[in-house]
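Each chain, written out:
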Amino acid sequence: MIPYFTRDIVSHFFHYHSNYDMPVIQLKNLSKTYTSDAIEVHAVRNVTLNFGEGEFTAIAGASGSGKTTLLNMIGGIDTPSTGEVWVGPKNIGAMNDKERTAFRRDTIGFVFQSYNLLPVLTAAENVGFIMELQKRPKRETEERSFELLSAIGLSDKLNVRPNKLSGGQQQRVAVARALAHRPKFVIADEPTANLDSASAAGLLDMMQMLNRTEGITFIFSTHDQRVIDRAQRVITFGDGQVQNDEQHDETRNLPQ
Amino acid sequence: MTTQLAWKNLWRNPTRSLVFLAAALIGFAMALFALNVMKSIAEQRLNDAVNTQTSHLQIHREGFMADKDIALTIDNADALTSRIQAVSGVSAVAKRISSNAVVATPENSIACELKGVNPVEERTVTVLADFLTEGEFLNDEQKTPVLVSKRTADKLKLRLRSKLIATVKDVRGEIVGASFRVVGIFATPNSVFDDNTVIARMNDMQTLTSVSAPHEIAIKLTNPSDLPRTQATIAEMLKSKVGSDGEIASWKALLPELFAFDGFINMIGVLFTIVIIIGLGFSILNIMNMIVQERTREIGMLRAIGQSKASVFWMLVQEAFLLMALGAASGIALGCLLVEVVSKTGISISGGLTTLGIRPVIYPALNPAFVVMISILAAALTLVIAMLPALRALRMNPTTALRE
Ligand SMILES: Nc1ncnc2c1ncn2[C@@H]1O[C@H](COP(=O)(O)OP(=O)(O)OP(=O)(O)O)[C@@H](O)[C@H]1O
Ligand SMILES: [Mg+2]
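Chains as they are written, first to last, in this note's numbering: chain W, 1 to 256; chain Z, 1 to 404.
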């Protein structure tokens with residue numbers, strides 16, 4: 001096991017991730033401190049990390065270790081106390097609220113633990129929602145929704161509302177929504193936590209498939225060992241810090 | 001897109017929306033109905049007074065209205081009358097002699113205003129003839145005829161062809177009296193007028209009082225809304241006429257209490273409407289607060305995945321707006337329908353209100369201005385009210401919202 005800082009230096013200077021030349025995301029000395037009732041909680045402490053294009057990374061760690069906080073800062077929905085988040089050439093911290101909103105919409109796809117689909121929209125409308133926000137042509141949006149729902153085996157659920165879908169199906173729709181507008185990367189906070197193991201495995205298969213076919217970078221948090229086993233890179237988090245950052249064998253990523 | 005979403009969100013809790021819509025349906029319908037009925041009552045009362053009593057404008061000698069001094073007559077009344085007749089917007093003109101009088105029978109007596117009118121002229125200006133319940137209007141064949149109201153007839157125990165004695169002061173200040181015979185009995189909705197007025201022929205009044213010129217010229221307009229303009233024209237005419245000190249007054253000055261009543265009764269309608277709309281506004285505020293509470297997580301999610309603040313704000317405001325608009329539209333439609341139906345069937349006003357000169361049955365007319373007023377009021381209030389919860393929803397950090 002290589003200490004994370006060594007790894008970081010190695011990957012940075014020697015292109016350890018041979019197929020990922022430029023880091024898509026760079027976290028520089030990132031910290032987040034919450035103050036509630038005069039008690040300071042250091043949710044994330046001085047984290048420096050890079051994520052390369054097309055990576056499929058799991059962030060593992062116990063409850064309260066700071067996974068959600070880290071992902072929220074990467075995704076630009078939370079602001080760091082200190083440090084910087086760079087996505088490509090852009091420093092998220094330097095953006096105002098309006099710019100950051102547009103940045104989230106165009107660059108990132110979000111998947112949440114509890115699906116968070118819009119209950120009044122059909123599966124296809126949910127998948128096309130962000131493209132609608134981007135004011136893309138209706139035709140393009142519909143075609144893309146159909147393409148994605150077909151790819152994840154839900155072509156017969158196009159016009160079904162979320163409450164008529166199982167948890168696993170809802171989370172697949174949520175992943176499709178996060179991908180539809182072809183973001184640079186997808187952030188998923190415990191996407192399988194509410195799913196049974198069969199559904200979780202199915203969702204992982206799907207995420208890997210989309211990671212390959214669409215070339216989209218995935219960063220997801222989990223504390224489920226079966227999910228960790230499927231990741232290509234596993235960053236272990238503890239007490240707001242990176243405790244371990246390891247690259248797994250490529251072959252382990254294949255659907256089992 | 002936000003409009004469609006707002007519309008769909010509106011039906012997430014159909015019971016809540018429908019309960020509000022039912023309240024709005026009844027509220028708006030009632031408000032519109034009340035406004036129109038109140039307005040019609042005021043208008044009808046005013047029209048009755050103007051039509052039976054004052055007409056739109058009156059000319060007197062300066063000072064006459066204060067104590068009805070019989071010597072204050074209008075000079076050159078005939079010439080003045082024909083010039084006024086020629087003013088555009090004037091429909092008819094009538095001259096009157098007017099005097100305080102005591103009218104007595106062996107049973108009783110009352111103080112009243114005894115008016116001497118020219119029967120033909122008078123019929124062109126007032127509609128008193130339409131309110132005769134017995135007998136006929138004045139004409140030249142009758143011998144010293146008078147018209148009395150039903151109320152006066154009851155008090156003095158008069159019937160058709162009964163005799164009464166009228167006592168007045170003549171032009172020299174002497175008390176003089178004459179006997180008249182009742183040829184007609186009238187009952188107008190204007191009880192103040194009915195209690196205080198007895199009407200005789202002008203030539204009989206001239207004989208009695210030795211006054212030849214009239215005290216009053218009553219003017220009826222083709223269109224009441226021309227009143228200020230026509231009043232100004234005639235006032236100008238009176239001023240330029242050398243040696244004349246006639247003054248002109250509109251019904252607003254002649255019937256100040258009626259003018260005030262008109263405003264008062266309209267205000268009741270408006271207040272009622274404002275109370276209803278504010279009540280509905282509070283329901284909207286309540287619903288919006290619940291919506292923001294229930295959808296905290298969803299709003300956080302929408303902000304996270306990239307819906308702008310402005311767009312989320314607008315979406316929430318639209319939801320409130322659609323709800324209010326739907327309620328207002330259906331309520332206004334029902335209100336219009338109600339007014340339309342009642343304008344044919346009439347609505348009976350019970351209680352002692354008839355003593356205020358309100359007719360026992362009112363036929364309200366729909367005033368489109370009220371529809372516009374209610375719509376604007378409701379729209380403005382909804383926009384203001386919906387903003388508060390919507391802004392509160394946006395102040396929340398998406399991460400906090402998502403952790404809920
Ligand atoms: N808004 C907040 N205010 C105060 N403390 C917070 C806030 N958000 C998170 N924390 C604290 O920060 C620490 C990290 O929380 P975080 O949610 O990032 O952990 P996590 O690894 O995602 O945990 P879990 O696996 O339970 O989701 C925790 O101690 C948590 O209590
Ligand atoms: Mg978490």
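None of these hints come from the bench; they were simulated from the model. Yeah, the Cβ is synthetic: ideal placement off N, Cα and C, and Gly gets one too. Do not take every clue at face value.
[To be verified] Just a sample of chain W residues kept apart from chain Z, beta carbon distances all over 10 Å, derived:
hint, residue
1, V24
2, N50
3, D78
4, T101
5, A151
[Said to hold, decoys possible] As a list, the in silico DSBU-like pairs of lysine-lysine whose alpha-carbon atoms are at most 30 Å apart:
hint, chain 1, residue 1, chain 2, residue 2
6, Z, K309, W, K98
7, Z, K8, W, K138
8, Z, K155, W, K138
9, W, K90, W, K157
10, Z, K68, W, K135
11, Z, K169, W, K135
Comparing the hints with the structure gives:
| no. | hint | result |
| --- | --- | --- |
| 1 | V24 | holds (18 Å) |
| 2 | N50 | holds (23 Å) |
| 3 | D78 | violated (5 Å) |
| 4 | T101 | violated (5 Å) |
| 5 | A151 | holds (20 Å) |
| 6 | Z:K309 - W:K98 | holds (8 Å) |
| 7 | Z:K8 - W:K138 | holds (19 Å) |
| 8 | Z:K155 - W:K138 | violated (84 Å) |
| 9 | W:K90 - W:K157 | violated (38 Å) |
| 10 | Z:K68 - W:K135 | violated (80 Å) |
| 11 | Z:K169 - W:K135 | violated (90 Å) |
Going through the hint list in order, the structure does not satisfy hints 3, 4, 8, 9, 10 and 11.
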